[in-house]
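Chemist: Letter by letter, the chains look like this.
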Amino acid sequence: MQDTVNREQDAADRATGYRMEARQVSKIFGTHKALDGVDFGLLPGEVHALLGENGAGKSTLIKILTGAYQPDGGAIFVDGEEVHLTSPLQAQTYGIGTVYQEVNLLPNRSVAENLFLGHQPTRFGLVDRRRMDREARVLLKRYGLDIDPSSELGAHSVAVQQIVAIARAVQLSGKVLILDEPTASLDRDEVQRLFEVIASLKRDGLAIVFITHFLDQVFALADRVTILRNGRLVDTRRLTELSRTDLVRKMLGKDIAFSGSTSLEAERPPTELLLDFKGYGRKRSVRPFSLAIHKGEVIGVAGLLGSGRTEMARMMFGIDPADEGSVTLSGKPITVKSATEAIGHGFGFCPEDRKADGILGDLSVRENIVIALQGKLGWFRALNRDEQLDLAGQFGEAMDIRAASLDMPVKLLSGGNQQKVILARWLATDPAFLILDEPTRGIDVGAHAEIVRTINRLRDDGMALVVISSEIDEVVAYSSRVVVMRDREMVAELKGEDINPAVIVQAIATHGENSEFEAEVTA
Amino acid sequence: MMRIPLARLVNTQTIALVGVLLLNWILFPGFFKIEWQDGRLFGSLIDVLNRGAPVAILAIGMTAVIATKGVDLSVGAVMAMAGAVAATLVVGGYPGWVAVAGALTVGLLCGLWNGALVALLDIQPIIATLVLMVAGRGIAQLITEGSIVTFSDPTLVFIGTGSFLGLPMPVVIALALMILVTLAVRKTAIGLFIEAVGVNRSAATLAGIRSRLLLIAVYAVSGLCAAIAGIIVAGDIRGADANNAGLWLELDAILAAVIGGTSLLGGRFSIVMSVVGALIIQAMNTGILVSGYPPEFNLVVKAGMITLILMIQSPFAGRLLTWFGRNRRKGA
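Chains A and B supply the protein sequences, listed in that same order. Number 117 in numbering that gives the first Met the number 0 belongs to position 118 of the first sequence; there are no gaps in the numbering. Number 305 in numbering that gives the first Met the number 0 belongs to position 306 of the second sequence; there are no gaps in the numbering.
These are computed hints drawn from the structure, not numbers from a lab. Beta carbons are placed, not taken as given, at the ideal position from N, Cα and C, and that holds for glycine. A portion of the hints provided could be inaccurate.
[Unchecked claim] Label-pair distances were calculated between CB atoms; the ranges are: (1) B:G291 with A:H83: 32 to 42 Å; (2) A:D78 with B:L21: 48 to 58 Å; (3) A:L88 with B:P314: 53 to 63 Å; (4) B:L320 with A:R231: 51 to 61 Å; (5) A:G343 with B:I125: 47 to 57 Å; (6) A:K354 with B:V289: 44 to 54 Å.
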């Protein structure tokens, strides 16, 4: 659906010569077409954003460009020459380097060793540590890093590690740099710092592929954008030709509603009291707090990383049980000393770290969905296969999980779909109270909207929810009340008109002078 | 789950077992000959089953442990302890069933100890069970006071050498145990929970699985299996040899589980396939013996076969297969 202007532009781009090009690449997994005849051209000296929803084919395309996957159809060109990339290591020899979201370096070795690992300068056959450190220092300067090259990499912030990883990739490859969600775990200042590095690499003529979920960052950094949907190319455009709404529409094939800035939920009259925490706390973890939670209410939890918000969630769910205070459920005093006990009371918990605490990677989507309900039923009342398929189908559909089969390992799904699986797992237990810790972190726009919709739906169905999020706009949009955590203490409970970003930020920031504002404000 | 049992039985493990058995048949034409004598079956094939039973029994418990991302190195030593306790009890005048109960109790306690170290103190399984692997054999030697305690108690001798419906008792016990444990894990949710804990213990715990209790139970079952194997081995030789009973058998049991397709990283497991794995190992041992090669060949041939089986199961072979499949489709 490209118009003539675009085609001329395209021809002009081609004339200037792509640094790297994928023509009509396809990739098939079983019967599923992960990529279907996609064209992708990368110019020298540009930042090219790659966008798409869950399962759009972004990571498959990246893996083909870096040689981790071989395409089932189509061809790859570097500087006009066709190449056959067989491994990331071999792709490096063509000048293609990649930096992933999780830094793939050795945290317990020095910065210099990480930069030069595999090709250290040697002297008499031994590593010339002094020369290595000297060269590392020069290299790091170029990236605006003034750190001791002999210091341990792990001692530095994620942002610094990310820049070291970029320096290493550029050093080794030097033509094409692929950045796969490099900003996902960075705070705002760190993102800024990373952007400066990327901009300077771009000026040096490097061709950069940039993958992110943050539209703001796309508009701030990218020159062109390629949008994929369901394995097909939707469009490649200059960002100057594209409005934000156009971009989102192209990604989703539909419009998603961006929230207003005040809560629609604040005015709702209070309903039946479900949980009443009184003086609830845990030594060296969360200071005692009191909180009453009603049915059909979303309690938003705002606060910085390390403010005690995750600790509060873990304590409510009995993973790190409270050692003071009390809690009642529908008026009756209860104890919550373990996750099993919490689930018995009708609680559910989606943890922040999906991979470490959420999914059972090697097990099937079906088993991942039924596991909590089966845990509740116990060892001896086993759900048979048909019942499992039935449940998984029902809740998978309710959460719009896109999986080729319910029997495929859950680790093969995208992050957004994995998060939906974990939500489906809890919904299958029919919980009265659900705790969600950063349910929308690191997932794409479509899944994000889906999860926000689910939160609203569950609240309207009468469930009580506690939702922790660093996205203030999001918290504002769905919360009936907002509690603010700071220094392991509940410092504010905001209602009505006070549920707006300015007041929340104010509450987080007061006295919080030595902590950084880490929330990523989108929209 | 039981809808297509025949198709499920055709896999790497069963093909390997058939291959090894056929190889035995080529080397020793009388291999498949089975005779009925004195009310029981005799033949090389029966011998493979009989000799393979102790490792198969160990492998049943080991598989569950490995599926939780653990390992139980102590099973060989627990065998020696169970044998020593049973022998000492009957020599001390107690009836056979008391000796069996005593030995099983010792196995259970050993398993609980291992489970407590792993589940409650969070000690790495390989280290936690190493404690008993070393100490257990010492304890067994203390029980037997350093000598081989011989006995002729009919109950123990029957367990080691008797027969039931024509099959040797060790085979009957292994078979019964295999069916029992398979039903216990697959007809309940225990199998799913074991796999969940093995894949991601933290996530499994957060999903409400009592992972500590499960781990303790799994090691307890492994200890019980080791005790049963220990009683069989003692009954077979009519004596408890604390130095040699079950020596290195933990390694055969681990191997059987791995050949059976259970990953040392935990997760998916099949008790039946582990028993098949144990039989593959025993078929190789027996094959080398009956074909008249010196037993020194045994270890080398065994290592070669195992390498082959593991290569067939490796992800690399999987990729190779898809590659061949694709090329064939292209060619057509």
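Chemist: Now tell me if each hint is right for this structure.
Modeler: The hints, checked one at a time:
The beta-carbon spacing between G291 (chain B) and H83 (chain A), approximately 53 Å, falls outside the hinted interval of 32 to 42 Å. D78 (chain A) and L21 (chain B) have their C-beta atoms about 57 Å apart, which keeps the hinted 48 to 58 Å range intact. Take L88 (chain A) and P314 (chain B): their Cβ atoms lie about 18 Å apart, and the range 53 to 63 Å is violated. The beta-carbon spacing between L320 (chain B) and R231 (chain A), approximately 30 Å, falls outside the hinted interval of 51 to 61 Å.
Hint check: G343 (chain A) to I125 (chain B), Cβ distance near 34 Å, so the stated range 47 to 57 Å is violated. Between K354 (chain A) and V289 (chain B) the Cβ separation comes to about 52 Å, which falls inside the hinted range of 44 to 54 Å.
When held up to the earlier numbered hints, the structure conflicts with 1, 3, 4 and 5 and fits the remainder.
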